[in-house]
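2 protein chains.
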Amino acid sequence: MQKGDKFNHTFQVTEDIYQGFINIFNDRNPLHIDTIIAQSKGFASCVMHGNILNGFLSYFIGECLPTKDVIIHRQSILFKKPTYLGDILEFKAEILDFYESVNALEFSFKFIHHERGIVAKGDFQIGIT
Amino acid sequence: MQKGDKFNHTFQVTEDIYQGFINIFNDRNPLHIDTIIAQSKGFASCVMHGNILNGFLSYFIGECLPTKDVIIHRQSILFKKPTYLGDILEFKAEILDFYESVNALEFSFKFIHHERGIVAKGDFQIGIT
Numbered sequence: 001m002q003k004g005d006k007f008n009h010t011f012q013v014t015e016d017i018y019q020g021f022i023n024i025f026n027d028r029n030p031l032h033i034d035t036i037i038a039q040s041k042g043f044a045s046c047v048m049h050g051n052i053l054n055g056f057l058s059y060f061i062g063e064c065l066p067t068k069d070v071i072i073h074r075q076s077i078l079f080k081k082p083t084y085l086g087d088i089l090e091f092k093a094e095i096l097d098f099y100e101s102v103n104a105l106e107f108s109f110k111f112i113h114h115e116r117g118i119v120a121k122g123d124f125q126i127g128i129t
Numbered sequence: 001m002q003k004g005d006k007f008n009h010t011f012q013v014t015e016d017i018y019q020g021f022i023n024i025f026n027d028r029n030p031l032h033i034d035t036i037i038a039q040s041k042g043f044a045s046c047v048m049h050g051n052i053l054n055g056f057l058s059y060f061i062g063e064c065l066p067t068k069d070v071i072i073h074r075q076s077i078l079f080k081k082p083t084y085l086g087d088i089l090e091f092k093a094e095i096l097d098f099y100e101s102v103n104a105l106e107f108s109f110k111f112i113h114h115e116r117g118i119v120a121k122g123d124f125q126i127g128i129t
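The listed protein sequences correspond, in order, to chains D and C. Quick note, the first sequence lines up with residues 1 to 129 if you use the numbering used here. Quick note, the second sequence lines up with residues 1 to 129 if you use the numbering used here.
The set of hints was computed from the structure by calculation and includes no laboratory data. Do not rely on the hints blindly, as some may be mistaken.
Said to hold, decoys possible - Just the calculated beta-carbon pair ranges, DEER-fashion:
no., chain 1, residue 1, chain 2, residue 2, range
1, C, Glu63, D, Pro66, 36 to 42 Å
2, D, Ser101, C, Lys81, 18 to 24 Å
3, C, Thr67, D, Phe98, 39 to 45 Å
4, D, Lys80, C, Ser101, 17 to 23 Å
5, C, Glu100, D, Gly127, 38 to 44 Å
6, D, Asp97, C, Ala44, 27 to 33 Å
7, C, Ser101, D, Lys81, 19 to 25 Å
This one's a predicted model, so the numbers in the text were calculated from it and none came from an experiment. Heads up, the beta-carbon is just placed ideally off N, CA and C, and yes, glycines get one too.
Can you make the complete structure from the sequences, with help from the hints?
Encoded structure:
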């Protein structure tokens, strides 16, 4: 892996993921489970938990890189647009830098919806173990 | 809510949360599921997925604040120490600032293990909707 390397993956926010996330973490904030309240705040429907996208990030880092010998050092995400149930999100990541002295890689990433554009973006650093 | 307000919560990384996270997001990286490999990398046992802590953060923001009228703008987390199955983590958050013009609050947070100390820390910004 080296600076400039690009990666792509497609994720979908399925009913199983949405309900599973709620069952595990118990975040039943009305914005996520009450369509009327979500619409009263200007959204088309219930807004999916932003941290579902961080779960996708976990999968990408743990399973989709050329090596499995990785560990996350830090990660940041900015939520720009809502994500809704059933959304298919194109995930794009790029290696920004390789810190050879500490064997760490820095990535930028974004989740893109075909109509709404970038719904979230951020960066993370992983160590090669 | 105002600058300086502090919040506490206790979370535990249970078997249900660990297995549930794996079932939902399919991150079966050896570090998380293979004790021998985790130990060969210097850890006491399988390292829990860092994004389980972000799921706890989702619960805190969605369910534990004085208002439910919140939405996450951005969040960052730095992983300092491993988290293991069964760990009980003390979560502490504090309001760093209130941006009245955009109705947004900035928090810092940390997850603390009674022996290992701070296992993760970070910050997030939420909007009051």
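Against the structure, the hints:
Between Glu63(C) and Pro66(D) the CB atoms are about 39 Å apart, so this pair conforms to the stated range of 36 to 42 Å. In this structure the hint that Ser101(D) and Lys81(C) lie 18 to 24 Å apart at CB holds, the actual value being about 22 Å. A beta carbon spacing of about 43 Å between Thr67(C) and Phe98(D) agrees with the range 39 to 45 Å that was offered as a hint. Distance hint check for Lys80(D) and Ser101(C): the Cβ-Cβ separation is about 19 Å, which falls inside the suggested range of 17 to 23 Å.
At roughly 40 Å, the beta-carbon separation of Glu100(C) and Gly127(D) lies within the given 38 to 44 Å, and the hint holds. With their beta carbons about 31 Å apart, Asp97(D) and Ala44(C) fall inside the hinted range of 27 to 33 Å. Remark: the range hint 19 to 25 Å for Ser101(C) to Lys81(D) is upheld by a beta-carbon distance near 22 Å.
Hint compliance for this structure: every hint is met.
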